[in-house]
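Please put together the full structure from these sequences, using the hints given.
Each residue of the sequence shown is one higher than the one before, counting from 1 in UniProt numbering.
The reader is advised that the hints may include incorrect statements.
What the hints assert, rightly or not - Below, a list of computed lysine-lysine pairs in the DSSO-like style, where the Cα atoms sit at most 30 Å apart:
hint, residue 1, residue 2
1, Lys45, Lys271
2, Lys24, Lys240
3, Lys45, Lys261
4, Lys150, Lys120
5, Lys261, Lys240
Just so you know, the hints here were simulated from the structure itself, not pulled from any lab data.
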Amino acid sequence: MDGLGGGPKCGASWKRMSKETATKRAQATGRNLLDVPYGDGEGEKLDIYFPEAVSEALPFLVFFHGGYWQSGSKDSSAFMVSPLTAQGVAVVIAAYDIAPKGTLDQMVDQVTQSIVFVQKEYPGNQGIYLCGHSAGAHLAAMMLLANWTKRGVTPNLKGFFLVSGIYDLEPVMHTSENAPLLTTLEDAQRNSPQWRLKTSPAQPVDPACRVLVTVGQHDSPEFHRQSREFYQTLRRGGWKASFEELHDVDHFEILWNLTQKDYVLTQIILKTIFQES
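This is the structure we're talking about:
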């Protein structure tokens with residue numbers, strides 16, 4: 001991706017196949033509900049993976065895939081499920097309509113709907129934690145600005161895990177990837193959590209809600225810049241934010257390694273969830 005980097009590298013297709021295999025394994029071996037509608041649209045579905053001991057009072061991690069808002073699917077994104085469900089976390093993989101079918105505004109709306117659905121379906125949850133990678137981290141970060149009053153329910157959001165995300169969309173306008181997104185400056189600003197939090201800061205609904213901004217050591221300079229600046233904006237706005245640069249991983253490995261229970265990010269996620277629960 002021009003400037004942002006993170007395009008396919010050698011071995012990416014093998015990892016994509018492996019993610020699909022790991023997802024199929026999670027679907028075949030665990031307790032789950034697949035293709036659950038959270039809205040009326042054809043693409044508005046989610047998968048829920050439960051731990052062995054299912055109860056109303058579970059923490060839920062909701063994951064949004066990346067793919068530059070133009071590729072990716074929930075059907076190859078459940079590869080990180082097993083290390084989390086093994087420790088008692090329910091994992092939700094949410095789909096959204098990627099471009100050109102979906103617009104950025106529509107994707108943000110769908111992500112919002114999916115979280116409202118989880119809260120209404122499991123009102124006794126021990127916390128909802130949002131996790132997204134790349135474009136998915138952008139969509140998760142937009143939930144810091146969501147108008148929950150308008151939705152009629154305030155989700156029990158306890159944490160955000162933003163992995164190698166894009167928070168300022170203005171640079172996207174100047175890349176070859178922009179055409180399917182049809183991003184004008186107004187579109188970019190409206191859908192940029194960095195711009196919106198700087199121009200009209202939003203206060204955390206829950207002051208204890210944690211926001212972890214992570215980037216891989218070998219991510220491109222633009223991902224590093226955006227991650228650090230977004231972290232700084234969050235801190236200035238009073239959010240309980242932290243920043244981690246993960247050693248010796250690139251834009252893809254930082255996420256793929258969540259298949260490993262001992263991986264540093266897996267452990268950070270689990271420690272954050274169970275410290276709050």
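Each hint, compared with the structure:
Note on Lys45 and Lys271: the hinted pairing holds, with a Cα-Cα distance of about 29 Å set against a maximum of 30 Å. This hinted pair does not check out: Lys24 and Lys240 have alpha carbons roughly 36 Å apart, beyond 30 Å. For the suggested pair Lys45 and Lys261, the alpha carbons sit about 27 Å apart, so the restraint of at most 30 Å is met. For the proposed pair Lys150 and Lys120, the alpha carbon gap of about 15 Å is at most 30 Å, so the pair holds.
Only pairs whose Cα atoms come within 30 Å are accepted, and Lys261 paired with Lys240 is accepted, the gap being roughly 25 Å.
In summary, the one numbered hint that this structure violates is 2.
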